[in-house]
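Can you build the whole structure from these sequences, using the hints too?
Listed in order, the protein sequences are those of chains A and B.
Here the first sequence is numbered in this note's numbering, starting from 17 and rising by one per residue.
Here the second sequence is numbered in this note's numbering, starting from 17 and rising by one per residue.
Be aware that one or more of the hints could be misleading.
Identical chains share a label here; the pair holds if one copy fits it or two copies do between them.
To be verified - Pairs of lysine-lysine, DSS-like flavour, derived with a Cα cap of 30 Å:
hint, residue 1, residue 2
1, K307, K33
2, K358, K47
3, K47, K492
4, K307, K35
By construction, these hints were calculated from the structure, which means they are not laboratory data.
As the structure is a computational prediction, the values presented were derived from the model and not from experiment.
2 protein chains.
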Amino acid sequence: MAARPGGHNLAVMNGPKEKVLTLDTMNACVKRVEYAVRGPIVLRALELEQELRQGVKKPFTEVIRANIGDAHAMGQKPITFLRQVLALCVHPDLLNSPDFPEDAKRRAESILQACGGHSLGAYSNSSGIQPIREHVAQYIQRRDGGIPADPNNIFLSTGASDAIVTVLKLLVAGEGRCRTGVLIPIPQYPLYSAALAELNAVQVDYYLDEDRAWALDVAELRRALCQARGHCRPRALCIINPGNPTGQVQTRECIEAVIRFAFEEQLFLMADEVYQDNVYAEGSQFHSFKKVLMEMGPPYSTQQELASFHSISKGYMGECGLRGGYVEVVNMDPAVQQQMQKMMSVRLCPPLPGQAVLDMVVSPPEPSDPSFTQFQAEKQAVLADLAAKAKLTEKVFNAVPGIRCNPVQGAMYSFPRIELPPRAIQRAKELGLAPDMFFCLRLLEETGICVVPGSGFGQREGTYHFRMTILPAAEKLRPLLEKLSQFHAKFTREYS
Amino acid sequence: MAARPGGHNLAVMNGPKEKVLTLDTMNACVKRVEYAVRGPIVLRALELEQELRQGVKKPFTEVIRANIGDAHAMGQKPITFLRQVLALCVHPDLLNSPDFPEDAKRRAESILQACGGHSLGAYSNSSGIQPIREHVAQYIQRRDGGIPADPNNIFLSTGASDAIVTVLKLLVAGEGRCRTGVLIPIPQYPLYSAALAELNAVQVDYYLDEDRAWALDVAELRRALCQARGHCRPRALCIINPGNPTGQVQTRECIEAVIRFAFEEQLFLMADEVYQDNVYAEGSQFHSFKKVLMEMGPPYSTQQELASFHSISKGYMGECGLRGGYVEVVNMDPAVQQQMQKMMSVRLCPPLPGQAVLDMVVSPPEPSDPSFTQFQAEKQAVLADLAAKAKLTEKVFNAVPGIRCNPVQGAMYSFPRIELPPRAIQRAKELGLAPDMFFCLRLLEETGICVVPGSGFGQREGTYHFRMTILPAAEKLRPLLEKLSQFHAKFTREYS
Ligand SMILES: Cc1ncc(COP(=O)(O)O)c(C=O)c1O
Ligand SMILES: Cc1ncc(COP(=O)(O)O)c(C=O)c1O
Numbered sequence: 017m018a019a020r021p022g023g024h025n026l027a028v029m030n031g032p033k034e035k036v037l038t039l040d041t042m043n044a045c046v047k048r049v050e051y052a053v054r055g056p057i058v059l060r061a062l063e064l065e066q067e068l069r070q071g072v073k074k075p076f077t078e079v080i081r082a083n084i085g086d087a088h089a090m091g092q093k094p095i096t097f098l099r100q101v102l103a104l105c106v107h108p109d110l111l112n113s114p115d116f117p118e119d120a121k122r123r124a125e126s127i128l129q130a131c132g133g134h135s136l137g138a139y140s141n142s143s144g145i146q147p148i149r150e151h152v153a154q155y156i157q158r159r160d161g162g163i164p165a166d167p168n169n170i171f172l173s174t175g176a177s178d179a180i181v182t183v184l185k186l187l188v189a190g191e192g193r194c195r196t197g198v199l200i201p202i203p204q205y206p207l208y209s210a211a212l213a214e215l216n217a218v219q220v221d222y223y224l225d226e227d228r229a230w231a232l233d234v235a236e237l238r239r240a241l242c243q244a245r246g247h248c249r250p251r252a253l254c255i256i257n258p259g260n261p262t263g264q265v266q267t268r269e270c271i272e273a274v275i276r277f278a279f280e281e282q283l284f285l286m287a288d289e290v291y292q293d294n295v296y297a298e299g300s301q302f303h304s305f306k307k308v309l310m311e312m313g314p315p316y317s318t319q320q321e322l323a324s325f326h327s328i329s330k331g332y333m334g335e336c337g338l339r340g341g342y343v344e345v346v347n348m349d350p351a352v353q354q355q356m357q358k359m360m361s362v363r364l365c366p367p368l369p370g371q372a373v374l375d376m377v378v379s380p381p382e383p384s385d386p387s388f389t390q391f392q393a394e395k396q397a398v399l400a401d402l403a404a405k406a407k408l409t410e411k412v413f414n415a416v417p418g419i420r421c422n423p424v425q426g427a428m429y430s431f432p433r434i435e436l437p438p439r440a441i442q443r444a445k446e447l448g449l450a451p452d453m454f455f456c457l458r459l460l461e462e463t464g465i466c467v468v469p470g471s472g473f474g475q476r477e478g479t480y481h482f483r484m485t486i487l488p489a490a491e492k493l494r495p496l497l498e499k500l501s502q503f504h505a506k507f508t509r510e511y512s
Numbered sequence: 017m018a019a020r021p022g023g024h025n026l027a028v029m030n031g032p033k034e035k036v037l038t039l040d041t042m043n044a045c046v047k048r049v050e051y052a053v054r055g056p057i058v059l060r061a062l063e064l065e066q067e068l069r070q071g072v073k074k075p076f077t078e079v080i081r082a083n084i085g086d087a088h089a090m091g092q093k094p095i096t097f098l099r100q101v102l103a104l105c106v107h108p109d110l111l112n113s114p115d116f117p118e119d120a121k122r123r124a125e126s127i128l129q130a131c132g133g134h135s136l137g138a139y140s141n142s143s144g145i146q147p148i149r150e151h152v153a154q155y156i157q158r159r160d161g162g163i164p165a166d167p168n169n170i171f172l173s174t175g176a177s178d179a180i181v182t183v184l185k186l187l188v189a190g191e192g193r194c195r196t197g198v199l200i201p202i203p204q205y206p207l208y209s210a211a212l213a214e215l216n217a218v219q220v221d222y223y224l225d226e227d228r229a230w231a232l233d234v235a236e237l238r239r240a241l242c243q244a245r246g247h248c249r250p251r252a253l254c255i256i257n258p259g260n261p262t263g264q265v266q267t268r269e270c271i272e273a274v275i276r277f278a279f280e281e282q283l284f285l286m287a288d289e290v291y292q293d294n295v296y297a298e299g300s301q302f303h304s305f306k307k308v309l310m311e312m313g314p315p316y317s318t319q320q321e322l323a324s325f326h327s328i329s330k331g332y333m334g335e336c337g338l339r340g341g342y343v344e345v346v347n348m349d350p351a352v353q354q355q356m357q358k359m360m361s362v363r364l365c366p367p368l369p370g371q372a373v374l375d376m377v378v379s380p381p382e383p384s385d386p387s388f389t390q391f392q393a394e395k396q397a398v399l400a401d402l403a404a405k406a407k408l409t410e411k412v413f414n415a416v417p418g419i420r421c422n423p424v425q426g427a428m429y430s431f432p433r434i435e436l437p438p439r440a441i442q443r444a445k446e447l448g449l450a451p452d453m454f455f456c457l458r459l460l461e462e463t464g465i466c467v468v469p470g471s472g473f474g475q476r477e478g479t480y481h482f483r484m485t486i487l488p489a490a491e492k493l494r495p496l497l498e499k500l501s502q503f504h505a506k507f508t509r510e511y512s
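Here is the structure:
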């Protein structure tokens, strides 16, 4: 038997031994990760809910979770057709039931046909069920006015989060000054900062222009890039359009300029387009990066690398819990694409219920199908409701002194800027809190409203914001907005 | 506007530019990943299936995928109760249907009660729905003869794969000779080698003893550890019990010895117990690491760090496509546990259908419930069938000269050793293939049987194996085994 390093056996007798895995010895990159959307404020919200259940008296009767884009949790009803088909897929005995429309049955049968053993319980190909990849390609082609999409460039995923992390993972390389840098918007959806920290890549911030309704300005991209080139190797540029948390919808001109910039500067483009169905403002329209890229023609259309992400969590369906999504890659090196496929195969496959629902989202009932009318009505009702709430939010906030809110052109959030009195900022500093975190914590304690401080998404130094979803039910939203506005006034008085 | 580095704009005019992301510039760790279970042999199987569909003549009429533990894909039927409840959760209108038993309805209602907005479409807590974590804890407690489990130590996951990678990720640290080393069995389930390559940790191999039915020997652990200490910092020890691909079930004595070893050598234990319900051999019994650890008493029970993994993909349910599982952590530093929770929150949550099915697996119908009898009957039928197939496989293989197969005590695979003639080995080398890969590819081309070469799992130098699942339907399995044995004889003749 080989010799063993001395001393270890003594541990058995020498009382408490050190843990193997401690804050000091664990993965330092993981330690650096921050994720505000589910951070301390949400933990506190959980505690408050528990206290309420236990009968503890509070100045409110329920906690309102306006912190996360989780439509069903806020009362939005699932789209009937999606759930009918999914139930049929899960329990095919129901195919004999008279309670399901014919097109739902046909759809379920065709999905099951493509599953191993005709069961959602079989692993699928790692990149997703082949016919669903084909339906996604057809959807993209329709969406983009006929510009073709190749099913082999489409990879289904466990929500968009999974696909975004996968692509970032491919991009990460180098050490020291050669470490991969990735440009991300500020404010951003914190998945990006978290994934970059975990992967030990360099986060390169570019600021959206609050004074121009959170527009993206190529001059600012250039500033960020040049500055970053001093200490890392910037290789990718992330765009979130429509924006989270900022709610802006980018113009075609802007997208063209961004593509030209990425091409000139040799940056891989990552377009997070999970809110592509969530556009509300008059004059705003969703333009996909893929379409604009292709319409720009060569050399852009033939060379610029792009990954575009979509999800079943947002839009009108809001099926967050099922974890479905996809990425389309464009102009990716085929050898790298193979590597991506291999990497995905290690986790076996995305969940099949999410894949099935994605299938329905990308190829919804046609006008001749029995489910068409109801499907369209439900979809339009959700989107119209969101549009009304977007408008209401902007209006109420902008009527309040000390709050300024850009139009919510799209997505599911308002991101108002708030003035905080110097004494409140002082007090927050004493408590070791970001000033807007202090504000949000106080808001939660006094009103039960749970929103996320701007510091969780990033913001210009010296400005303060919070993110609030527009998802609360219409009849709750107005009182909520008013309560919040009153709290801001009270808070301002208290610290003036 | 800031200056930009010269030359980049020229790219627009200078024809084909280099891609940003190429094999040379991509993440080198990802490039090193190998994953044989879905490797070249499976890609070839896909092609063959396509050729068959197109009417190309082959010496076989179907491809038999005995390469992956995917029960439903091989024709195993889902357990009725699981699918009834899941259908009710997905489409709660069905709660009014007379076609579902009362206990299925009650279960669906209680799961929905715990979901945001009573919908599977809401995100759950990142560590899973709280009552389901509690049911998992109760299941573990029952399984382990009353030894308590704490729901706060249980984290639901997207299949076991997800949880395994998460724990490995926490453990990875250091550079050069201080890089984290992780001991894994050889042969192994290749998720481990793949994840370690991706995370840039050091894979430390310990060999299972084929001559003693793939037993785990502490002397071999010690050899591997001592050798590794020369070039890395070994910090974790992974065990797969029951074994994949090797099918052995560890004895209680062996598990005790492993725990003692891990304790003395300061190793974090990772017990992959996804096959805990799949034990067939007489005299074999599943002992959980948690139970043995707790029964050993202090200092082991109070100090030894352990993570144990389970999944809904295996057992009698085989719900791979739903992607559900959990990890229980024991004696983990609470600060690290918080970090783990944070890390999981970045991906939002595990898929809710997988969580729901996990709930039923860990708290199945009770004797007084209407679904009890059918549930038990279906469960026992699947397990009895697997047990019979395990025995048959061993028997048929061991009757063949040049094939030797250890008993399939548990899990879902046989991993027979095959003799290959020197000329076949020579020929494989000329083709740049591992000899058993050459064998498996030829097998696939001539018989349509898809199995994975031993080289994909690791094996002692100079030995050759393949892994074949015991999942094909009973009436198909015997002819399959015979076809395979005949092919081996023919192959041996051809190259002798
Ligand atoms: C901009 C953006 N990208 C990606 C995601 C991830 O969504 P999922 O993983 O649920 O698809 C979200 C979720 O809120 C988001 O807002
Ligand atoms: C030993 C072992 N661990 C983990 C897994 C992962 O299973 P899943 O991610 O489907 O739960 C498998 C799958 O085959 C396995 O065999």
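Status of the hints after comparison with the structure:
{"no.": "1", "hint": "K307 - K33", "in the structure": "between (60 Å within a copy, 21 Å between copies)"}
{"no.": "2", "hint": "K358 - K47", "in the structure": "both (28 Å within a copy, 9 Å between copies)"}
{"no.": "3", "hint": "K47 - K492", "in the structure": "neither (38 Å within a copy, 51 Å between copies)"}
{"no.": "4", "hint": "K307 - K35", "in the structure": "between (54 Å within a copy, 20 Å between copies)"}
Consistency with the previously given hints fails for number 3 only.
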